[in-house]
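Going line by line, the protein sequences match chains A and B.
For the first sequence, the numbering used here gives the first residue as 1, with consecutive numbering after it.
For the second sequence, the numbering used here gives the first residue as 1, with consecutive numbering after it.
There could be a bad hint or two in this list.
[Said to hold, decoys possible] With a straight-line cut-off of 27 Å between C-alpha atoms, the simulated DSSO-like cross-links for lysine-lysine are: (1) A:Lys227 x A:Lys238; (2) A:Lys56 x B:Lys113; (3) B:Lys185 x A:Lys227; (4) B:Lys113 x B:Lys132.
Calculated directly from the structure, the hints in this document are not laboratory data.
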Amino acid sequence: MKTALLPDGLIRTLAGQALAFVVALSLGAVIILMIDESPIAVFMTLMRGAFGDAEKIAGTLLQTTPILICGIAACIGLRGGMFNVGIEGQLFLGGFAAAWVGFAFALPPFVHIIVAVACAILAGAAWVAIPAYFRVRYGTNEVVSTILANYIAVLLTSYFTIFLFKRPGGWSETPPILPTAYLPELFSFSRLNIGLLIGLFLAIATAAFFRWASAGYAATMVGSAPKFAEYGGINVRKVGFSVLLASGAVGGLAGGIETLGVHHRFMEGFAPGFGFDGLIAALLANGSPIGTIFTALFFGALRAGSLLLEVDTTASREIITVIQALIILAVSADLMMRRRGDRTGERRWKF
Amino acid sequence: MEVLSTIFNVALIVATIRTTAPILLVALGGSFTTKAGIFNIGLEGQMLIAAFFAVLGSIWTGSSLGGMVIGVAAALVFALVFAVLVISFRANEVVVGLALNILAGGMTISLMKAIFGTRGSIVGRGIVGLPKVQIPGARDILGPYTQLISGYTPLIYVAFIAVPVLILIYGRTRLGLYIRVVGEKPEAAEALGISIAKVRYTAALLCGLLAGLAGAHMSLGYITMFTENMSSGRGFMAVAILIFSGGDPWRVLAGCLLFGFADALSLRLQTFGFPSYLVLAVPYTVALTALFALSWKARPKLIRETIETMQRALSVHPAKSETPDTSSNRS
């Protein structure tokens with residue numbers, strides 16, 4: 001039957017997202033008009049900057065990679081009912097940890113990458129461990145604790161970079177990592193590396209895990225119906241803790257891939273906003289890792305296009321942040337959904 | 001000892017009062033939404049947008065009062081959007097709050113580029129700062145301690161006076177009662193015929209008002225400038241305070257004084273040559289530590305209510321549960 005392939009709920013969801021997009025883009029157009037630019041010119045510049053030629057497309061994919069991996073981190077959290085807003089901080093610590101392994105140790109080529117990436121994953125998981133513990137043990141709101149941890153993570157990595165490991169003569173960056181720790185690049189004309197493939201693989205693996213593994217089902221149940229999960233004999237605290245830890249680990253991985261693959265060093269503010277973009281991408285995809293691939297690509301294109309925007313027009317590249325926020329607001333309003341009668345019911349992360 | 005006495009002196013107390021005020025204002029604003037049962041993570045964005053429009057308004061109107069009004073208006077717009085989406089459209093409050101924060105960050109930078117053609121910060125350009133209030137006669141009575149109570153911007157007095165005012169509102173007015181009922185027992189409010197939506201809208205807008213004042217103080221108070229993302233997490237700290245204080249004004253004041261002190265101390269330590277990055281992290285670390293340390297008290301509502309029900313079930317007083325009047329009056 002046709003409904004089995006495209007269930008009614010999915011059609012309505014997609015239609016709702018499309019309507020939200022239209023609303024958000026028209027609001028975005030109004031704001032672009034407010035800053036004295038033509039919305040069409042801005043849009044065309046964004047498209048040219050994102051998909052103009054092979055190099056530009058590679059640039060888009062380069063921006064997509066960290067957003068995708070951060071998005072998967074957010075998906076894991078959302079599925080388990082956890083709002084990990086600290087991906088930004090995990091990204092920074094993961095990035096620093098990978099860079100540190102990259103420049104401080106001399107290891108054989110392949111092993112070097114593995115060790116550096118493993119350290120990035122550990123750093124990300126370690127950074128979320130304390131908020132995660134207090135979340136599951138005492139119910140400390142993880143949104144606020146992870147946001148505050150972000151600020152500390154950024155300042156801490158800046159401190160490491162500038163006071164402990166500064167490259168002599170360099171500007172707030174660590175020494176470059178050894179070539180043995182470089183991630184293999186995909187094309188000769190771009191810094192695009194196998195990080196993208198890792199991200200795609202991770203998205204599919206995560207989707208499969210939540211779809212078919214019993215542990216994935218347990219996590220989903222803890223997220224959507226904790227009481228049911230508890231009656232079913234699942235240790236809700238343990239699953240919640242693991243979910244946040246896994247989310248943090250993937251966040252750290254995103255940072256590691258960014259330093260090992262793109263910058264080849266850690267610098268202050270090396271990946272501004274990727275963590276938040278990832279979270280937004282995951283929310284837009286309604287917590288589906290496969291959907292996150294597309295939303296991350298969309299945001300990656302916006303980011304890549306915004307670089308040209310700053311060159312070709314007087315608009316600031318932050319205008320894309322405005323558009324992203326508007327899209328999320330419009331989607332969150334869930335314009336297609338009919339309101340239920342109850343006014344006191346619990347709100348979930350689902351839009 | 002000499003070092004300690006140079007760090008801990010009257011000037012530190014004055015600095016604490018100054019740094020406490022904006023976070024106190026925004027946290028008291030959030031107290032309204034917290035009491036009304038809304039988790040408002042969008043305080044940060046409301047503050048930031050108010051700070052930007054306060055600067056813009058003071059340039060346009062040539063007066064700090066005009067700047068303040070326009071700043072507050074901008075915060076109110078954000079608060080209204082938050083309220084419409086969360087209360088009327090029943091969207092997720094964390095998602096909406098975070099999106100509004102991101103929107104505020106992007107919008108201020110975009111508008112700054114469009115209006116002033118610069119990135120980073122707006123300094124000078126005819127920004128009028130808030131005046132300092134000199135309390136007449138204070139110098140005669142207090143002598144060298146005059147600066148403890150005199151010479152602040154008006155908004156600092158507003159912030160501290162707002163604490164008892166909020167207590168009066170919650171304890172003595174109909175609105176305060178309604179806000180508490182809606183937050184604690186929405187079912188009871190509904191049964192009494194109170195419009196939950198109306199009360200929550202009022203709370204959200206009152207919150208926007210105070211967050212707007214906080215933002216205006218940030219950019220027109222002691223430093224008259226606007227910088228990208230200048231709220232730098234103050235709004236999130238306020239949310240942390242709200243979580244462990246439950247929105248109670250006295251506890252909010254205590255929490256804010258703690259963060260104001262951490263802030264003032266970190267500024268002071270910077271001049272002693274401690275690495276600035278670590279010093280800057282002090283307020284966030286204090287906020288996080290306080291949040292964790294005090295969170296055992298704020299156990300999930302579910303557990304609290306379960307314990308209450310258990311106690312009620314164990315004590316044999318079936319008559320009590322059959323009188324709905326007393327239960328609604330209690331809250």
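Right, here's what the structure says about each hint:
1. As the CA atoms of Lys227 of chain A and Lys238 of chain A are separated by approximately 14 Å, the hinted pair is consistent with the 27 Å bound.
2. At roughly 25 Å between alpha-carbon atoms, Lys56 of chain A and Lys113 of chain B fall within 27 Å of each other, so this suggested pair holds.
3. Between Lys185 of chain B and Lys227 of chain A, the direct Cα distance comes to roughly 22 Å. Compliance with the 27 Å bound is thereby established for this hinted pair.
4. The straight-line distance between the Cα atoms of Lys113 of chain B and Lys132 of chain B is roughly 31 Å, outside the 27 Å bound, and the hint therefore fails.
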